[in-house]
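*Asks:* Two chains, two separate frames, one set of hints: put the complex together.
Residue numbers (my numbering), protein chains in the order written: chain A, 1 to 347; chain B, 1 to 44.
These aren't lab readings, by the way, just hints derived from the structure by calculation. Wrong hints could be hidden among the right ones.
Said to hold, decoys possible - Example chain A residues on the side facing chain B (calculated, C-beta under 7 Å, incomplete):
1. V2
2. A3
3. E9
4. D12
5. V14
6. I16
7. D38
8. A42
9. P52
10. V55
11. L56
12. G97
13. A104
14. D105
15. C106
16. L215
As the list claims (entries may be wrong) - Derived DSS-like pairs: lysine-lysine, alpha-carbon spacing no greater than 27 Å straight-line:
17. K251(A) to K192(A)
18. K93(A) to K116(A)
19. K16(B) to K116(A)
20. K251(A) to K196(A)
21. K8(B) to K116(A)
22. K192(A) to K245(A)
23. K196(A) to K116(A)
24. K192(A) to K8(B)
25. K16(B) to K251(A)
Even glycine gets a Cβ: it sits at the ideal position worked out from N, Cα and C.
Here is what each chain is made of, one letter per residue.
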Amino acid sequence: MVAAELAREGYDVVGITLQLYDHGAALAKKGACCAGRDIHDARRVAEEMGFPHYVLDYENVFRDAVMDEFAESYLGGATPVPCIRCNERVKFKDLLGTAKDLDADCMATGHYIQRKMGETRAELHSAADGNRDQSYFLFSTTQEQLDYLRFPLGHLASKADTRALAAKHGLSVADKPDSQDICFVPDGDYAKVIEKLRPGSAEPGEIVHADGRVLGTHNGVIHYTIGQRRGLGIGGLSEPLYVVKLDVEAKRVIVGPKEMLSTRTIPVREINWLGDGNFADSAERDIMVRVRSTRPPREAILRPISDTEAEVELLTPEEGVSPGQACVFYATEGTRVLGGGWIWRGH
Amino acid sequence: MTTVTKEKLNSLGFAKPPSETRVVVAMSGGVDFSGGGGIGARRL
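If we strip away everything but chain B, and leave its shape as in the complex, we get (with noise of 0.2 Å):
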């Protein structure tokens, strides 16, 4: 069985160069893609 050290994962924990890791990354135009702050969907 091969063992992945850490040291060799890169930021997104696979064990390959980013350029070879795919990605897809879910964009709103906001900074982040957050889904809404959502309270409770009821008058408050």
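Same shape as in the complex, but just chain A (with noise of 0.2 Å):
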């Protein structure tokens, strides 16, 4: 859509598209990004449109990038968000730097964000339609990406009108689904892909309250996950219970009342800043902040412990906040992204 509307405009548009894993697979996975049906797609809007397309082989690139970190985070217990770390490692670092190889003055992407112009250079904006906001997956764009980078798709009030432009210009992709789901994992059944990646890695252990009553066994952590309350299999108890913490060197998924979620203040590091002067000059800032993709921002206090480390106090507290989420910062007026990090246990 991005590349038909530029080509129509009259620039000189070179479209990529990368296959990122197994083609097999991507072939039956309708929906997803850089599916194998996809690549075939992209080609043929490329074709109609009249400029050069290519398919790049990022597998490798992909598989060491994101398939092993998301792999490793998950049996530590964390609950990893690798559409991040694919935008990261992959489309705004390798992508980007064959976009300058092939000489482009810049690069576009489809992502709902917005790029607007501040006084002294380019800032990260929220998509103008709130429902299609991308900027948690996107919090890790460096300044030096974003000077770079366009989103040409950021400002339109709704997919339905991205769908009336593409079917505007006659684009055959006009109808097909929006891309929701993480791509390698084809029917969102992730224990099974880990359970692939890493074979032998679901070890069984106890479930326990955290009152250290033993209530029952579990086949491996890889199938909880934080705030996790059906298909725990320990029922007839009195009170509900969560999952409340992921023990992994002990094999144990601790379960306890749901007011054991709740929390205040969270660590969060590898922060990329994006707001105004150095990330660690202030003691404090009153922010805006997202601990998943799928929650509205809260009011937080964010209190840097170093150029890459932070505390971040939420005002109201939050349940299920969980290791290898992201935690991303907004301003607290308007709708400028400020960076963000990745949640983790702390110290």
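*Replies:* As structure tokens, this is what we get:
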């Protein structure tokens, strides 16, 4: 869509599609980005609009930079977000480098996010359509990358507008489903993917109440997540219990009452700061944060520890904050994205 | 120092015609190149 519109405007467009993972699985995965069917369709769009299109084999890069870390993080009891790592380590790194090698003035993507020129430099802003906003997945975009990137769809009020635009161009993709899923998880069964990537890694252990009582057994920590209530296999108890911790070393799933999920202070590392000034120069900042892609921003205080680490204090506690997720920073007013970092267990 | 006025910039922000502006577009076959909705990758 972006490519077609830019070609229509007369730009010197070069289309690139990345083949990121197993082509056989890709063909079966309808609706995920960079699937085999999508490669075919992208090529067809390029032919229709008359610009060159290349398919680059990034399977090894993707496996090393995204899938392996996904597996390790998952096995470590965290809740990884591989789409962020893919943007950070593949699309906005290697692909962006390829664009520069092709002497392109910039690289454009169809992400729903906005790049706006501030007083001194380009700024990252949430998409105009809040329902489509992808800022959570792009917090790690560096200033240098942002200077080179363009997001022509970020200002559209809705995806319906995008599809209408595609239809206007007569593009055959106008009625395709949204890309919603993690591309290498064909059926949403993450544990099955982990077992395939790391055979034999799912080891049985105990389900233990936070007060120490052993309530049952499990077939592997990878089958559980922080905040999970259903499917624990420990029915018949008087109070509803939730997974509150995954103790990977002891192979234990720790469960407890809902209030144990409540978190006020979040340790964050690998921070990418897109706000004004040096990150660590202010002792604290009033910001808004999102700790999961599906949750709205919440008021918080950001306290830098170093240039790359911080403590985030939520003014209202959140439930189910999980290591491995991103904590994305927003300005208290307006749409500006100030960067973010990765939630971890802390020192 | 040359000052480039906003009026002279093309839609991608360059002070030259589109035909002289090369842009690499990351394409999927879908309407966009969104990289997946990507909820937290653990069973929820």
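*Asks:* So which of the earlier hints does this model not fit?
*Replies:* Hints 9, 10, 11, 12, 16, 23, 24, 25 not satisfied by this model.
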